[in-house]
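Protein chains in written order, with this note's numbering: chain A, 1 to 520; chain B, 1001 to 1291.
One or more of the hints may lead you astray.
Simulated restraints on C-beta separations [said to hold, decoys possible]:
id	chain 1	residue 1	chain 2	residue 2	range
1	B	Ile1137	A	Val151	56 to 64 Å
2	A	Glu449	B	Gln1253	48 to 56 Å
3	A	Glu354	B	Glu1068	37 to 45 Å
4	B	Pro1135	A	Val296	23 to 31 Å
5	B	Gln1253	A	Glu27	55 to 63 Å
6	B	Asp1057	A	Val84	32 to 40 Å
These are calculated hints, taken from the structure and not from any lab test.
All C-beta atoms in this analysis are idealised placements derived from N, C-alpha and C, irrespective of residue type, glycine included.
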Amino acid sequence: MRKITLTTFIILAVIMSVFVTGVMAQEQGGTLVFGRGGDSVGLDPIQVTDGESFKVTQQIYDTLVDYKPGTTEVEPALATDWKVSEDGLTWTFNLREGVEFHDGNPFNAEAVKWNFDRWRLEDHPYHIGGEFTYYGYMFKGFPGVIQEVNVVDEYTVEFVLSEKQAPFLNNLAMVPFGIASPEAVKKYGENYFKNPVGTGAYTLEEWRQGDRIILKANENYWRERAYLDKIVFRSIPDNSARYMELQAGSIDMMDGVSPEDVESVKDSDQLKLSLRPSMNVGYFAMNFKFEPFDDVRVRRAFNHAIDKQAIIDAFYAGLAEPAKNPMPPSIWGYNEDIEPYEYNPEKAKKLLAEAGYPDGFEFDLWYLPVPRPYIPQGKFIGQAIQSYLSEIGVTANLVTYDWATYLDKTEHQEAPTYMLGWTGDNGDPDNFLYVLLDKTNSNNAYESEELHKVLVEAQKTMDHDRRVELYMEAQEIIHKDAPWVPLVHSTPPIALKSKVQNYIPNPTGTEKLHRVWLEE
Amino acid sequence: MSDKNKVMKKNTNPWFEAWRRLLQSKIGIAGLGIIVFLIVVAALAPVLAPYDPIKTDILARYRAPSSEHLLGTDGLGRDILSRIIYGSRISLQVGLLSVALALVFGVSFGLIAGFYGGKLDMAIMRFMDIMLAFPSILLAIGIVAILGPQLKNAMIAIGIINVPRFARIVRSSVLSIKESEYISAARALGAGDLRIIFKHLLPNAMAPLIVQTTLSIATAILEAAALSFLGLGAQPPSPEWGAMLSDARSSLQKAPWVATFPGLAIIFGVLGFNLLGDGLRDALDPKMKNV
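Bound-form chain B, shown alone (with noise of 0.2 Å):
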């Protein structure tokens, strides 16, 4: 009986039940954890950095790690510890700014096309197969050679390759509900197509929205990595991953931990949010309701 009670008192908001459900989730609790961790370290940047990530003292290049420099130094003597630290700002400032982008645009473009279908729905979805036809980084790096190399430039860049990913998305799940009996009840009761769209259409396709927003932030900071790899991206002295790993290369063989410790931290902040991505789709998976 006493169980009965508990699910009798259980908040019925299906947003709340999801919640409780990624917390009982290994997954969902460590990618939370190591994004949680990101965000703190991000924002205590300036507090928890020993050095000035950018203060150059090239008398000081390619130190080893030690109690100083707890991650050595780089080829420039900038500590490696307080750039990584630095780095995660920018890295989490991309996956956001970016993805946001492709969300507003990919969620608009996605209802339009499902919800008036005919050509309109034939124009923008062929547009969004062409860009899906491109290799997604290749796209990027052709977007910011038009734009110029800069950091604001690349997440544009990675906010429009991934509009296509968000549109369809959308759509297939405004076309799965378009013709419902609920839908149509809303039309006859004299409920006018934007009404529609965003009572009734988005928050049916929130779920999934949800986990590509998510698993979208995770490539969006690979991506931007690997364009700040490429010298397109961030641009020196800013401590971006990406960038770093780039300036590691010529010094592989002599001093592999400049190398090694961006290389982890990419890894580590992909992995966060794959793994919440993963987390949250079982969370919102409505056939896992009530399991």
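Same shape as in the complex, but just chain A (with noise of 0.2 Å):
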């Protein structure tokens, strides 16, 4: 799998230096149409936690800080430069001057106060419209971490933590932390998430909830104007309805390729293949609370019952490496020592007649209704995992529920066992780890202290190397629990117009555009 990656590098590589080169013109003007897999739930990147929401405020907002295009290295954005103070809990952020949100008002200071008091103050007047989940989850709580924002002078704002937070400034490039217009948050108070105000390259032209949304360039954006005049993001929620359209010529882009129709990109001449950097794991959890997971040799066996290469090989068109870790090899911190629990039925056998069910026994499996990146056939795959647990002798029953109530019940821990994943979104190795397995947060009642321990050191050591050390010993203690069997980190790939130029798509799962042009 690794040489795929290689090429993938190279060929982005190869693109790349075409355009330093300058071989190629960008063009203006045009409208990209987007085809994707679901709706916006809503346009306040503070109140969604879904990747189609983030999608489109990616365009519409900045953040103080982002990520370099293609990955998750943090450059300035509405922040200029910042610094932090010799105990770690001071951050002063130098924010650009003469940028105004869309709505004319300025951006400064005081703003990004009202924002970030906003989110973390309860009392506060505008604290409504939703729960600020992400907030919560990456700040801890409310007003969580960040217990003072001052504004230094118009254009300096300053930070004070309660405690040290190493992965403090990866967070405030996610996102859910675009800086929205306060003027505008009050104007439309709990219909602000349908009336979108940042300072982004975008504006929100036109939203046909269910149908598109329909976004104009930003005339006076302070990085150039992007060259698109308008997008249209569509929502197709049939995978191979919306690879047929994009045959057809209705739309020029699509995420959520099945990995059916991968061949059959690679060999049209209208379109071309685009793979986004894998940072995800889909994994298959299986749940404490009920008899017999809790048992570690149990679970142990169904590390060993299932072949996740023939898997890959099957379902992911290749485009997937298998996984031993929850976490996947491009966030820092991996464990390469980690030794897999091969695939072995013989020795799945062993450690189940071990545990006392040496003829098996019977549960039920849930597998994902909706295709997800990590995951893009949850039916099959569920099927494929349900005929190697046969071979051990145990008998899954599948079982499945629509989307929304599917997360609802695994997140409150009803499910025996069950397929999901996670896209990470800040490329520190907290956002795998603490986030799926600390006994605080996951979904299948496991809750180990001794991980808890390591996790919340990790948490508070600024030191690099530290805090590398920490992780590595988390994911031994995970694999020595073996909560999951952690099945594959995917490559999941974008179909593309051969028009369409300079798409370059980001680990965590959604980009700007604003660099994005067609080519004539």
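Could you use the hints to bring the two separately framed chains together as a complex?
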């Protein structure tokens, strides 16, 4: 699999060098129609958690710092530079001058403070319209670790933290923390999610809910004006229907390409394939609340029973690599030395027998009802796992629910075993290990004190090398406890018409499109 | 003279008469043939199917039809022919059981409403009207959503949505003969309600009921396939035809045979019961008698 990643890099490098040398001239204008699997939930980024919303808010808003295209490395955006105090508790940001929100109001330190106060203070008059979920996730509740936000002068803002937070800067670059116009939030109140006002490259022209969102270029953008005049995000839930539209030419690009269609994209003269750098995990989790999954031997047996490589060859068009850790190798701190549970049904049977189940048992296996980038064909993969498990004498009954119910029920630990996955938000190991497996967050009642101690220490440690050590250790603990069968780290494919230029997919799952242009 | 003799010898049982006329209609024969074929296939599935219908082989996905796999393989490398053969069991079972359920409740409601009339009739039939006001598949989806997505529940849902049709048919035929003289005569001779209902009213409703039952089996098969297509009926890896179609969606361009053959199987099954229904309607029509 490493071969594919390498080729991808080479291709990317070649494409990049073409741009750098300026062989092709970028063209201004045109409309890009982006086909995707669902509509946005809302356009107030702090109130949503779904990728379909972030895809759009990313174009409308800017964050203090941003990720360099195609990476999770932090670069300046609305903040031009920053410094952190010796004790790691005070962060000072110098802000970009002369930036305006779409409604003409100035962007300054007051606006930044207002946004953060709105997010973190539950008694703030505009702490309304939702639950501010991502703020709670990343900064541990309300007001969380950000104790104070102070306006130093018009273009300087200072954050005082209650405890050290190593991924602080990376967190600030996340899409949910886009800075909104305070005047617009006040004006629209509960309806702000339909009337977004940011500083981004595009403004909202029209939102036909359930159908499409139309954005138009912001003429006063503080970076260079976007090449495209308009972007239309169309919701086409069915993957094959969306692909047919792409072939018919009614959309210009799409994500969620079904692995079945990858070959056909590659063969087409009209289309090309772009690969999103892998920063996700698809996994099969076993819930400790349900017997016999509280027995580590059973969980290890399952780990030995499933042939991940065969699943990848069959259901990912090869665009994935088998997972042995809960986080992907593209994240720093990845533990290479973990010896994966190899595919070995005999060993699995022996482990089951040791655990007291020589004749197997019966249980419910929840499979994903919708295609996700990390598990594009949930029903097929569910059936493949079912059939692998039947080989070690275990009977899995396949169960599923509609997507919202599925998420809700798994979050409430109601699923005995389930398939799910995660796409990283900010490139920090904390964003995988703590979010998914800490005892305060796990959906499968995995409550390891040992792991919790390590993860919390890693959050408070500023020294990078020490953090690497701690995350290595965390991965060892997880491997030993085997709360999941980590399945794959996928490389999600995106299909584009050949005329779409300079689209650089970001590992986080969404990216800004202001540098994309169309070749006529 | 010889003709007359034949007529004289002929069994005068009306059911035999209808059967004879069914066998004379090409449509009826075709329908009957298809159904008998389906029943045989379903009964002999383990003998006829060349492979295990749920055994996956993910290295042999999307094999085109060949001598090894006559109808090709699906997205999990399962033999489509074997799945269709086993699927006939599910479809027949759903068709028969759900219609049986509808029949029991529909006929009871119809008899009660038609025979007793008044407020009871009003209550039952308005309730049936309400059920008919919903698009039937939507109602079925609602019912399955409450009961949980399983084949068993899909059958119950399809049974429920078919109840009003049977209730209406039975009620109308009860109403049309309830006041006739022979019913009055039976009553005068001291026959009780139950005797009148089962001895006189129900047999008179039999002809339209049989036709409706046959046609309903066809729609029930279709509705079960639709529910399974939506993921609300048969759950994987069960080889239900509708579920097979749903699985084939993602590979329509790459492997069209995966969708084609289960689709044809559904058409075939539905066609069989529809043809038989048409044939029966002609055969049982009293106006056609002795034509």
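Against the structure, the hints:
Under the hint 56 to 64 Å, the C-beta atoms of Ile1137 (chain B) and Val151 (chain A), about 60 Å apart, fit the expected range. Distance hint check for Glu449 (chain A) and Gln1253 (chain B): the Cβ-Cβ separation is about 52 Å, which falls inside the suggested range of 48 to 56 Å. A hinted range of 37 to 45 Å holds for the C-beta pair Glu354 (chain A) and Glu1068 (chain B), which are about 40 Å apart. Here the CB-CB span from Pro1135 (chain B) to Val296 (chain A) is close to 51 Å, at odds with the stated 23 to 31 Å.
Between Gln1253 (chain B) and Glu27 (chain A) the Cβ separation comes to about 32 Å, which falls outside the hinted range of 55 to 63 Å. At roughly 57 Å, the beta-carbon separation of Asp1057 (chain B) and Val84 (chain A) lies outside the given 32 to 40 Å, and the hint is violated.
Of the numbered hints stated above, those contradicted by the structure are hints 4, 5 and 6, listed in ascending order.
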